[in-house]
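Peer 1: Let the sequences and hints guide you as you build the complete structure.
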Amino acid sequence: MFDQIFADPLTLFYGALTGFLFGFLLVKGGVTRYQVILGQFLLKDFTVLKVMGTAIVVGAVGVFGMRAMGMDVSISVRNALVVGNVVGGLIFGAGMAILGYCPGTAMASVGDGSRHAIFGILGGIVGAGLYAEAYPMIGARFVDSIDLGRVSLDSAAGLSPWWVILIMATIAVIGFPALESWERRQPKPRRP
Amino acid sequence: MNICWKWLTAPRWSPYVAGVGIGVLSWLTFGLMGRGLGTSTTFVRVAGTLEGAVAREHVEANPYYANLLVDRPIVEWQFALVIFLLLGAFIAARLSGSTFVEHVPKLWAWRFGPSRTLRYAAAFLGGLVLVFGARMAGGCTSGHAITGGLQLAVSSWSFLIAMFISGIAVTFLIFGREGRAHV
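Those protein sequences? They're chains P and E, same order as listed. Be aware that the first sequence starts at 1, since it is given in this note's numbering, and climbs by one per residue. Be aware that the second sequence starts at 1001, since it is given in this note's numbering, and climbs by one per residue.
These are computed hints drawn from the structure, not numbers from a lab. Please note that the accuracy of each hint is not assured.
[To be verified] Which chain P residues face chain E? A few, computed with CB under 7 Å, are given here:
(1) Tyr-14
(2) Gly-30
(3) Val-58
(4) Gly-129
(5) Trp-163
All values derive from a computational prediction rather than experimental measurement. Note that beta-carbon positions come from the ideal geometry of N, C-alpha and C, so glycine has one too.
Peer 2: So, in structure tokens, the structure goes:
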């Protein structure tokens, strides 16, 4: 390590451009706010789910569409390491409830004026280091112990990915208006 | 032009518009750059680089670090992404004339009081747990939920469901139903 600090300029430019647009969109979507993310977990404000759900459906249509048109969009699906995915997800959710951001929105929220998120990011670096140190002990023995391979919902169900996308889109089109009517019935926030 | 400016300076967009934007951005990263949105690997690169500055052999001998840091650049695509996340967010907030600054969020202050020290300590601990979990799961909300979710990966949907269940449960444990009046 330390032989090479920077990747090539084009790669860095692409990364920077992606980050810039992503950060811009996260702020405009309102998901760089602690109150919005905690409002999601308190089942009162469903902004997070709306942003995420729309991104997933739109992203899926484009990526599978590009593949169908013969473009080389060859990013392989990650192995389903079920223990790691589920236990890691449970730990992640607890951390997100305490911090009020996920790693990406924490970075963006600092640009949007959150000061406490800076401490969350520092904690995140320590958490990443602790995991790397723990990995030789818990990796093979626990986290990676059940490997279902590079399995996707469509291959597991024996369906075309378009059926799965259609089902997701249908759930979104019916579910989001239902969530909005739920949101309108919630009490307004009190003055502190 | 005028409409465009009005739009760029709006404090918030519809969440669906922002979602479509992120979805289309992922077309670009997949189609043009051959990558998927992600952030949490960068936390490992930073931790490994800091640790490696004092104990290089130790880091190189760790398979988890070595996979990311040996014979590879430190500041690569995702690292640049994570840094510019902050800048993009800053510009978006400034364009809308936002003067928002938050040390202790309202919901937190209602439950635990206005102490900045307590909130900073909790944020640090929360961030630690968050990224530890992300690395165990193999990704976070961007890398797993969006990038993996749109590829319909079983790993990502398992993560996504576990994350939401735990997030809801822990939030209700901390703030209770009464917390709902403060968001």
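Peer 1: Does each hint hold? Answer for all of them.
Peer 2: Results of checking the hints against the structure:
1. Tyr-14: At 5 Å from the nearest chain E Cβ, Tyr-14 of chain P passes the 7 Å test, so the hint holds.
2. Gly-30: The hint holds - Gly-30 of chain P has a Cβ within 7 Å of chain E, the shortest such distance being about 5 Å.
3. Val-58: This interface hint holds because 3 Å falls under the 7 Å limit.
4. Gly-129: 4 Å, holds
5. Trp-163: 10 Å, violated
Consistency with the previously given hints fails for number 5 only.
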